[in-house]
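S.K.: Chains as they are written, first to last, in my numbering: chain A, 1 to 314; chain B, 1 to 314.
There's no promise every hint is true.
Same chains, same names: a pair is fine if it fits in one copy or spans any two.
Said to hold, decoys possible - For lysine-lysine, the following DSS-like pairs were computed, each having C-alpha atoms within a straight-line distance of at most 27 Å: (1) Lys213 / Lys161; (2) Lys25 / Lys83; (3) Lys79 / Lys102; (4) Lys196 / Lys73; (5) Lys196 / Lys242; (6) Lys196 / Lys25; (7) Lys161 / Lys151; (8) Lys73 / Lys302; (9) Lys25 / Lys102; (10) Lys151 / Lys242; (11) Lys151 / Lys25; (12) Lys302 / Lys79; (13) Lys173 / Lys161; (14) Lys161 / Lys196.
Hints were generated in silico from the structure; no laboratory data involved.
Number of protein chains: 2
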Amino acid sequence: SSPASSRYAWFSRNSSDVSEATVAKQIYMVSDGTGWTAEHSVNAALGQFDHCLVDRVCPVNTHLFSGIDDGDKLMEVIKQAAKEGAMIVYTLADPSLADSAKQACSLWGIPSKDVLGPITEAVASHLGVNPSGLPRGAPGRQVPLTEEYFKRIEAVEFTIKQDDGALPQNLHKADIVLAGVSRTGKTPLSIYLAQKGYKVANVPIVMGLGLPKTLFEVDPEKVFGLTINPVVLQTIRRARAKSLGFGVEARSNYSEMDYVREELDFAGKVFAQNPVWPVIEVTGKAIEETAAVVLRLYHDRKQKCSMPRISKRY
Amino acid sequence: SSPASSRYAWFSRNSSDVSEATVAKQIYMVSDGTGWTAEHSVNAALGQFDHCLVDRVCPVNTHLFSGIDDGDKLMEVIKQAAKEGAMIVYTLADPSLADSAKQACSLWGIPSKDVLGPITEAVASHLGVNPSGLPRGAPGRQVPLTEEYFKRIEAVEFTIKQDDGALPQNLHKADIVLAGVSRTGKTPLSIYLAQKGYKVANVPIVMGLGLPKTLFEVDPEKVFGLTINPVVLQTIRRARAKSLGFGVEARSNYSEMDYVREELDFAGKVFAQNPVWPVIEVTGKAIEETAAVVLRLYHDRKQKCSMPRISKRY
Ligand SMILES: Nc1ncnc2c1ncn2[C@@H]1O[C@H](COP(=O)(O)O)[C@@H](O)[C@H]1O
Ligand SMILES: Nc1ncnc2c1ncn2[C@@H]1O[C@H](COP(=O)(O)O)[C@@H](O)[C@H]1O
Ligand SMILES: [Mg+2]
Ligand SMILES: [Mg+2]
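If we strip away everything but chain A, and leave its shape as in the complex, we get:
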């Protein structure tokens, strides 16, 4: 019953944590849809303030308001933003609603930023087509059950079933195969890629245990090795062992530095014997960053064209 993430926090207006309430800056993210686009943009922008967000020197609270698809709801949120001294980042497909937001914010001195309008206008003039102005949940709009929709779901279901070396006989069905020692992030990386529509299988490399024969039978161009700095790996494994409630003894074998180094060496040898597999250093990378590297390599190999890119058609 505790919040899912330590970053999530709930503030009522009569919060007792007054110092926090007065010091932290508030950012409202407002969308007629899910709000994920606004949240993604705000996250990227907040990355530019890591130097002062760390240790909460300049604390920021974000607040996501989804489904704000009429003027009444919008005005209620804007009024609340005024009370809390928040800025508003919004995505509102209906131009008249977006305009109301802009007007009301400027009237009440609320800093605001439209993150959908400018890019939509730029795309409209590039395509030579007018935008619909309809939010994603508009009546009559139907999410089509496209081939892409089914493929993405299939990719997620496939990837879940292959996790952690399960079903090695299915490696040939995967688009991408990840190999690495425990706690190199194979599982979250697999899932991230699966959500983008790739069928992923991951194979753990464990010192003293053999690897599935099929790993060496599949197209080596789709296999990626993951490696990591031993000190960082030890930290991650210690956290892991603790959260799994391992006893001290089991823990030492799994997260002792000698063992960690030896196991990484062992993985390194496997990689050296399979020089076609790219080896990706995950130290210090977020999951989505490693995913970007994997996909860049994956698509470069497929397309063999001058400018590395990932292309999609709409």
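Assemble the complex: chain A is given as a structure, and chain B with the ligands must be docked to it using the hints.
M.R.: Only chain B with the ligands this time, still in chain A's reference frame:
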């Protein structure tokens, strides 16, 4: 070895598909990081052109260039964009690089849009702090192994293990429990929520099979029922049965309209007996839209404050 998604396509400059190459509009997405932020923004904007994207009346190809973190790479991409008549949507943290992009594009008549700069500036002035100007992969930057990082990974691993009613004895450990008949999207929805840091368990409702006792013992405020229009469900189940290679007989039981309706009625009765569970209609909703609805309800219940919102601190 086929591309993961039917939307992905690769065009070489000497493509034989000349009509497509001449008609489709090109959008370049360029980032010093992963490119996911630019991609997310472009996707939202393209939603405004669904009316002409459907059936490829106004075909669009997007091309993602990640890791463009110096002037040379940037100029190479911009030159290529000029050749292909593409527009460029970019996120470049270094203001001088962003400025180069702007200058070069305007010089060469390339439509372009900065989707990071404007929001970063707005946030900077709200916080009263200067942005670092450092891209996410900048040397010396380390992704900290924060509590949030570990919790998110734990949520993904938990969620995978509970999929499809596995380990009903663990339902009490979940933040969110989803219940619904087969093909209401429980698995992809669970995974989507897990990536956001929530531990999710999903429980299939199958006519004639009992439900785990634990489903009725956990906090009912964290349980969500999923429902769907029977005609749409039948379509999805038929696609599913085909892709699984079910024989005609097995298929009929699973995707015949009478059976589909009866099973949905059965689920409806379970939901009626547990009136605290919100029942969410997933028909016509994309996974991320259903996720937004679940999370809005989840947080509203937790915070019991006047303005429904999802809050995070940084
Ligand atoms: N498929 C779509 N069709 C129409 N509008 C969309 C689509 N996807 C996103 N949008 C719009 O883009 C903005 C961001 O969406 P969201 O990420 O759901 O908040 C909102 O104004 C949505 O209405
Ligand atoms: N944690 C972060 N720290 C610094 N910059 C970031 C961070 N996350 C994203 N950015 C920047 O935001 C833009 C979008 O990032 P991306 O989605 O990786 O393409 C890029 O210019 C990144 O350099
Ligand atoms: Mg794993
Ligand atoms: Mg399922």
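S.K.: Hint by hint, note whether the structure agrees.
M.R.: For each hint, the structure was consulted:
1. Lys213 / Lys161: both (19 Å within a copy, 25 Å between copies)
2. Lys25 / Lys83: For Lys25 and Lys83, the Cα distance is within 27 Å only inside one copy (12 Å; across copies 45 Å).
3. Lys79 / Lys102: So Lys79 and Lys102 pass the 27 Å test inside one copy only (13 Å; across, 36 Å).
4. Lys196 / Lys73: Classified as between: cross-chain Cα gap 25 Å, same-chain 33 Å, threshold 27 Å.
5. Lys196 / Lys242: Answer is between; shortest inter-copy Cα gap is 23 Å, intra-copy 32 Å.
6. Lys196 / Lys25: between (33 Å within a copy, 23 Å between copies)
7. Lys161 / Lys151: Both: 15 Å inside a chain and 22 Å across chains, each within 27 Å.
8. Lys73 / Lys302: between (48 Å within a copy, 21 Å between copies)
9. Lys25 / Lys102: within (20 Å within a copy, 31 Å between copies)
10. Lys151 / Lys242: between (37 Å within a copy, 13 Å between copies)
11. Lys151 / Lys25: between (41 Å within a copy, 25 Å between copies)
12. Lys302 / Lys79: between (52 Å within a copy, 23 Å between copies)
13. Lys173 / Lys161: Intra 12 Å, inter 22 Å, cutoff 27 Å: intra and inter.
14. Lys161 / Lys196: Close inside one copy (17 Å) and across copies (21 Å); limit 27 Å.
Hint compliance for this structure: no hint is broken.
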